[in-house]
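Here are the chains, one letter per residue:
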Amino acid sequence: MGYESSRFTERHRLALASVGVLSLASSALAHHSFAMFDRNAIRTFTGVVSNVEPGADHLQIFFALMNEQRDGVERDAQGMPIVWSLELTGAASVAKYGITTSGFPPGTVFSGAFHPARDGAHAGVIFRTRDNQSVLFKCPGRNRPAPGKHCDSVEGNTLHGNDSALPAATGGAR
Amino acid sequence: MQRTERLSPDPSRAVSTRLVAGLIGLAVCVALLALTRVPLAYAQAGDASAGRGRPFAGPTTEPVGATLPFWNRDLSTAKGGATAPGVTALERDLFTSDDFYVDRDAWLDARYFRCNSPVSIDSMWGDYTTGPKTITGDDPATGPWGHCDRGLPREALVSPYAFATAAEHYAALLAEAQAAGGPVVPSYDSLVGWQARYTRNLDIEFAAGGLSQMERARTVVIPPEYHEHPQWLIGHLTQVSTILSLLTEEYQTRFVQQLYHLAHNNTRQWSLMYCRPEGFMREWSGPGFGGLEVVALPNLVILGSGGNADRYVYVGREFTEDGAVPRLGDDVRRWLGESIGFWRDSRTLVTWTSNVRGWFTHASFEHSDQLQTIEIFTQRHGADGRYLGIEHETVFYDSDAFVQPVRDLRFLPRSAGLTEGAPKTFSYCQQTIFPIDGKGRHVSPGTVIEYEVPSLDRPWAKAFERFESRMQRPAKPDIFSFD
Numbered sequence: 001m002g003y004e005s006s007r008f009t010e011r012h013r014l015a016l017a018s019v020g021v022l023s024l025a026s027s028a029l030a031h032h033s034f035a036m037f038d039r040n041a042i043r044t045f046t047g048v049v050s051n052v053e054p055g056a057d058h059l060q061i062f063f064a065l066m067n068e069q070r071d072g073v074e075r076d077a078q079g080m081p082i083v084w085s086l087e088l089t090g091a092a093s094v095a096k097y098g099i100t101t102s103g104f105p106p107g108t109v110f111s112g113a114f115h116p117a118r119d120g121a122h123a124g125v126i127f128r129t130r131d132n133q134s135v136l137f138k139c140p141g142r143n144r145p146a147p148g149k150h151c152d153s154v155e156g157n158t159l160h161g162n163d164s165a166l167p168a169a170t171g172g173a174r
Numbered sequence: 001m002q003r004t005e006r007l008s009p010d011p012s013r014a015v016s017t018r019l020v021a022g023l024i025g026l027a028v029c030v031a032l033l034a035l036t037r038v039p040l041a042y043a044q045a046g047d048a049s050a051g052r053g054r055p056f057a058g059p060t061t062e063p064v065g066a067t068l069p070f071w072n073r074d075l076s077t078a079k080g081g082a083t084a085p086g087v088t089a090l091e092r093d094l095f096t097s098d099d100f101y102v103d104r105d106a107w108l109d110a111r112y113f114r115c116n117s118p119v120s121i122d123s124m125w126g127d128y129t130t131g132p133k134t135i136t137g138d139d140p141a142t143g144p145w146g147h148c149d150r151g152l153p154r155e156a157l158v159s160p161y162a163f164a165t166a167a168e169h170y171a172a173l174l175a176e177a178q179a180a181g182g183p184v185v186p187s188y189d190s191l192v193g194w195q196a197r198y199t200r201n202l203d204i205e206f207a208a209g210g211l212s213q214m215e216r217a218r219t220v221v222i223p224p225e226y227h228e229h230p231q232w233l234i235g236h237l238t239q240v241s242t243i244l245s246l247l248t249e250e251y252q253t254r255f256v257q258q259l260y261h262l263a264h265n266n267t268r269q270w271s272l273m274y275c276r277p278e279g280f281m282r283e284w285s286g287p288g289f290g291g292l293e294v295v296a297l298p299n300l301v302i303l304g305s306g307g308n309a310d311r312y313v314y315v316g317r318e319f320t321e322d323g324a325v326p327r328l329g330d331d332v333r334r335w336l337g338e339s340i341g342f343w344r345d346s347r348t349l350v351t352w353t354s355n356v357r358g359w360f361t362h363a364s365f366e367h368s369d370q371l372q373t374i375e376i377f378t379q380r381h382g383a384d385g386r387y388l389g390i391e392h393e394t395v396f397y398d399s400d401a402f403v404q405p406v407r408d409l410r411f412l413p414r415s416a417g418l419t420e421g422a423p424k425t426f427s428y429c430q431q432t433i434f435p436i437d438g439k440g441r442h443v444s445p446g447t448v449i450e451y452e453v454p455s456l457d458r459p460w461a462k463a464f465e466r467f468e469s470r471m472q473r474p475a476k477p478d479i480f481s482f483d
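Going down the list, the sequences are from chains A and B. Using our numbering, the letters of the first sequence map in sequence onto residues 1 to 174. Using our numbering, the letters of the second sequence map in sequence onto residues 1 to 483.
Read the hints as simulated data drawn from the structure, not as lab findings. Please note that the accuracy of each hint is not assured.
Said to hold, decoys possible - Some chain A residues judged to face chain B by a derived CB distance under 7 angstroms, without partners named: (1) 48; (2) 53; (3) 54; (4) 58; (5) 73; (6) 77; (7) 81; (8) 92; (9) 95; (10) 100; (11) 106.
We treat Cβ as the ideally placed atom computed from N, Cα and C, and that holds for glycine.
Only chain A is shown next, with the shape it has when bound in the complex:
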């Protein structure tokens, strides 16, 4: 950052560095309110990526929810996958956790937790702890979890974030 080392102690530099690191879910550059999401509801899910939109302000993962049996995705009356959107913080801040267009290509099976939209839209914002920690788990290859389970239970899964476990769902777990 260009500060002269003689003017700052090591503690100061570490403090500055920690402020500069953005967590997985927080954003110092929020561009919209999150009141549209129910922060009292937590849903855990496993889904299949449709595509990732690496927005500078908010990266979005579009995905189809897997069914309880984990042998397919939820579909509408016409048989088309129901696509949800999961909003994270900016693309640059989550890239260091491997959450990128190449890290989560279409077809990726992954799990996470989110606060759902209040109006029932197929959308959610990623769950974060009080310490602003969040995580996604990616299943290896096209492997799927056992019925009712998530990718954190699949051998070879990878963790993407600064938390270590999915939260307990408050209802509507998938």
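Assemble chain B onto chain A, guided by the hints.
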């Protein structure tokens, strides 16, 4: 308190409108951009290089297509359903086919596109205010014919250098500079001459004062010292089939899809319809260049653009190569990529751009996330030592889109000092055209419409596919099936 600093004398002289008006008075002839083969300035200086300055490998050529925007010309050889004289039409072509996917075998035949150029097809419904409508009525089958005996050859478009990747190319140019005692760290004073605004020959023609836009386009003569090689990326000097020969199969399909829906359904997908970015390649398109403003420092060069966002060249830095593509910052593709570079000398800047987001520029092919460029910016001076502008050589590398690298050569005349003329303004999308049923329609404030929110995953293709329900589209793997 503002500190005034005496700058080194600037040998440059801006192109003034009075100069251009004077040129108008000298000659009256059609100003087309085809020029005779002329080596680049540094090649004339006898400077042999493995990676820059190779002469343009094409002949002089006239515009190819029936419709020539910018010059507002109808150059058709046949219209209204007639066939060009001396040409045997294909039984089925872009304008009569009901399914371009099954016509792949004909795509590399110029007659499939009725010997039109990309920008001709892009504009034949009257899309450009600077171009005529050449489709008769509303029937695509009446699509006009261009000139089958014209067009830059493929050899003129591909890179003449032996490098397969931008990394190899950059390394070779760096090695040359090192062998010559460089790269250099120029002094601030030695870079003052770069600080200016630049334009294009095309824009000089339109900037001439006192005439209508069409008259200007027809009468302005570009000064000989501003010579420039044919600007094939604008899309008027090549057969569509020649461009397709540069592309991989997938990217051929994408380009033909675009052209088909332009010609057939009058379904252009221009950026304002969605308030989406223009993309990296827009900078080389006909209408996309908004002028260049250069701020050159020893360790940073800002390539500012009026029509697109600014690019920053980080001089002396190196890319991280631990990801899918070389990059400077996070593993996120950027609309304009990220650029590094070095000063070969105070008059030559070499840059390498990578980490570009794949996108689409209308009237041109799509590029992928693999796009990288090697650009060489070289000052051109006249015989009297006057600084004329920048020679801009660009080699495009894209292993997903191109079968081999391609090259563009252009000259950007110095037009004014950085602080002269209109101030730089922030341009933000103000959407007045919305896609309704896949087509752009002007919508006034207060109007309520039904609007389908587009994805940013090739939204133009999603729009085109609305009209392809009866076509034999290539099957895509079902990523949601676990059978």
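How the hints compare with the structure:
1. 48: Holds: closest Cβ of chain B sits about 6 angstroms from residue 48 (chain A), inside 7 angstroms.
2. 53: 5 angstroms, holds
3. 54: Holds, about 5 angstroms.
4. 58: Constraint on residue 58 (chain A) not satisfied, violated at 12 angstroms.
5. 73: The hint holds - residue 73 (chain A) has a Cβ within 7 angstroms of chain B, the shortest such distance being about 5 angstroms.
6. 77: 16 angstroms, violated
7. 81: Holds: closest Cβ of chain B sits about 5 angstroms from residue 81 (chain A), inside 7 angstroms.
8. 92: 4 angstroms, holds
9. 95: 4 angstroms, holds
10. 100: With a closest approach of 5 angstroms, the residue 100 (chain A) hint holds.
11. 106: Hint on residue 106 (chain A): holds, closest Cβ of chain B at ~5 angstroms, below 7 angstroms.
Violated hints, in rising order: 4 and 6; the structure is consistent with all others.
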